[in-house]
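S.K.: As given, the protein sequences belong to chains A and B, one line each in that order. So the first sequence is numbered by the numbering used here: it starts at 64 and just counts up by one. So the second sequence is numbered by the numbering used here: it starts at 38 and just counts up by one.
Incorrect hints may have been included.
[Unchecked claim] Taking lysine-lysine and the DSS-like style, the derived pairs with C-alpha atoms no more than 30 angstroms apart in a straight line are:
| id | chain 1 | residue 1 | chain 2 | residue 2 |
| --- | --- | --- | --- | --- |
| 1 | A | 285 | A | 166 |
| 2 | A | 106 | B | 205 |
| 3 | B | 205 | A | 107 |
| 4 | B | 205 | A | 99 |
| 5 | A | 331 | A | 436 |
[Stated by the list, open to error] Sample of chain A residues with no beta-carbon within 12 angstroms of chain B, all distances over it, derived:
| id | residue |
| --- | --- |
| 6 | 111 |
| 7 | 213 |
| 8 | 288 |
| 9 | 312 |
Just so you know, these hints were derived from the structure itself, not from any lab. Only a predicted model underlies this, so the values are computations on that prediction, with no experimental measurement involved. Where is the CB? At the ideal position from N, CA and C, for every residue including glycine.
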Amino acid sequence: MVDNPYLDAVLTAIAAIIFIIISGYGVGLLARFIAKLAGASRKKQENTFAGYLFASPWIVGFLIFVIIPMGFSLYWSFTDYRVVSNAPPNWVGVDNYTQLILKDGGFRASIVNTLYLTAIGLPLQIAFALFLAVMLSQNMRGERVFRMAFYLPVILGFNTAVLLAWRLMLNTGTGIINQLIRAAAEAFPPFGYLSRALIFVQEITSAFFLGLSSGKFSLLTKVWEAGFPAANRVPLWVQSPLWSKMSVILLMIWGCGAMMLIFLAGLKNIPRELHEAAEVDGASGWKRFWSITFPLLTPYIFYNIVVGLINSLQIFEPIFVLYRDNQPLVPSAISMVYYLWQASFRHFEIGYGSAISWVILVIILVVTVVQFKMQDRWVHYDLY
Amino acid sequence: MRDIFPIIKRIVLYVFLTGATIVMSFPLFWMISSSVKTLEETNSAGIIWLPRNPTLEAYTSIFQNANFLRSYFNTVFYTSLALVGTLLSIAVVAYAFSRIDWPGRNLVFFLMLSTMMIPPQALIVPQYVFFNKLDWIGTFNPIIIPGYFAGGAAMVFLLRQSMAQIPKELDESAFVDGANHIQIFWEVVMPLVKAPLATVATFLFVGLWNNLLAPLIYLQTVDLYTLPVYVSTLYNINLTVQQWPTIMTAAVLTTVPLMVVFFFAQRFILDGVIVSGLKG
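Just chain A, same shape as in the assembly (with noise of 0.2 angstroms):
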């Protein structure tokens, strides 16, 4: 090993190309045998060489990255393993996974914050990047530059610096999001009844949500006999048990360019004289964007829920860089993943933490199967 970390770092990179070519070059000549034995001809034994070369990086990688540490972490998955102990794994059996279903509160309580999430601030991110998308199909000038500033956040994204930024704007005395809203309601009444309206719906919605994860419903009788907030009540974003989930959802809208995009492409793709013959029949822009925009976006719209799925139930960072030791807050924001880092990197538990990676697995597999299940109940594929 060398001492300076940048020389060690380039160093084992050419080892690693060279390992890749060395084991790619062993890949492809068993491959050439074996169709050499399967009697191919010469021009297919030279092709399944070269593809085989090529594909290499990619075969030899999921063997080392993918398969193998997946069949050692479910063998782990049933024993006890700390790897600080130096103690060599021991057979426990299910228990990592009774414990963690029927026991762990944590867990269930990082569970039921990603089902908010998921539950929540995917429809409302597919509902703010159709409503964009829409508004930006209409042929207009400077759609490239409106494009750019809705596509920037996705960009920025979850980088910790930007998300400080936000944890800046979201103080609840001082931040500057707070003082819009008090200044709105001040300069114009009914918007200050509007947002303590909405306040009251999300403090009630999530009171049940806290309510589900730790069992106990009595934060959401408190919340209901608080009755309609006081004149002066703003949201309490991340200093608050009931509101810091709302925060993350605040940011997974603010990055719902990605989905625009694609429904921006789908929306292009939508032949202009459908919409011209039901102008004719008399048929209004609301009337047509149901029965012709819609149907005829729910593929892409499939697409953007699986990928939405996915990525709102892997999510980490806002939790992250917004609640890490915030001890009141950690219960009712943690996401199944920060709980995973938590288990496996801060208590160094290998054998619960492998457990915890593979029912997280098992919800995004069947979450995702499920969706595919469903697309023929509400996806038009033959529209097309």
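Given chain A, put chain B in place with the hints provided.
M.R.: Same frame as chain A, but now just chain B:
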């Protein structure tokens, strides 16, 4: 009346889109404006859009902060080293999936696509143990080397779609001229997929530059921290007063490369290369 209605509609649309642009870009504006404020101004109870006397104090002090500068260098170093190898290996694999006809290709391709459903975080625990065995914890290796094995199935897919569109006759005539696959890959195919390569490179760059979880787990010492990890330590929950001007200055400097890259690459991204493979 009939002529006036579309004009009003257009105006409303423009007003709305301009408003949305302001809202979407606001965090960026606020980040920049806060970086030139004083500490009192960032915590003020009134709205200060732009400070009356902008101060570059936070900038001068952060340029003397050795840890920040080092994490900046680390991020540039690791991003470039990882980007080169990842991009090259992705291109090589995409070539195998699009330009060579080999038995088992469809099966391997399907296998690769199905790995997109595996959340990377689900693998991070066993990978950590593996890298620990290699004595790679506390080095850059675990955040650079895995990419060299064509990390990123979605990116391979994107590039494969573009390579598959190149007419087959091109490499066949090159074959007749005596070229081999390596020459065809480098001299025929690669120059024809420059735009998709730029798109993939942009996505890889953004992913590497923003990456938090893996550097957080593997780097361990402040000397090796990348920007996302280092910047996250600037915000300390245990302090009653956060040094917002400093944090926002670090944030501005962290996001500048992202914005520069986006500015130059936006025509590749926004023209919908991402969605080209969506149908069918």
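S.K.: Now tell me if each hint is right for this structure.
M.R.: Here's how the hints hold up against the structure:
1. The straight-line distance between the Cα atoms of residue 285(A) and residue 166(A) is roughly 26 angstroms, inside the 30 angstroms bound, and the hint therefore holds.
2. Pair hint residue 106(A) plus residue 205(B) holds up; C-alpha atoms about 17 angstroms apart against a cutoff of 30 angstroms.
3. Among the hinted pairs, residue 205(B) with residue 107(A) is consistent with the structure: their alpha-carbon atoms are about 17 angstroms apart, no more than 30 angstroms.
4. Only pairs whose Cα atoms come within 30 angstroms are accepted, and residue 205(B) paired with residue 99(A) is accepted, the gap being roughly 26 angstroms.
5. Proximity of residue 331(A) to residue 436(A) is assessed by CA-CA distance (about 27 angstroms); at most 30 angstroms being required, the pair is judged to hold.
6. For residue 111(A), the non-interface assignment is contradicted: its Cβ lies about 5 angstroms from the closest Cβ of chain B, within the 12 angstroms cut-off.
7. With a minimum CB-CB distance of about 6 angstroms to chain B, residue 213(A) fails to clear the 12 angstroms threshold, and the non-interface call is violated.
8. No beta-carbon of chain B comes within 12 angstroms of the beta-carbon of residue 288(A); the shortest separation is about 31 angstroms.
9. The Cβ of residue 312(A) sits about 15 angstroms from the closest Cβ of chain B, beyond the 12 angstroms cut-off, so the non-interface label holds.
Going through the hint list in order, the structure does not satisfy hints 6, 7.
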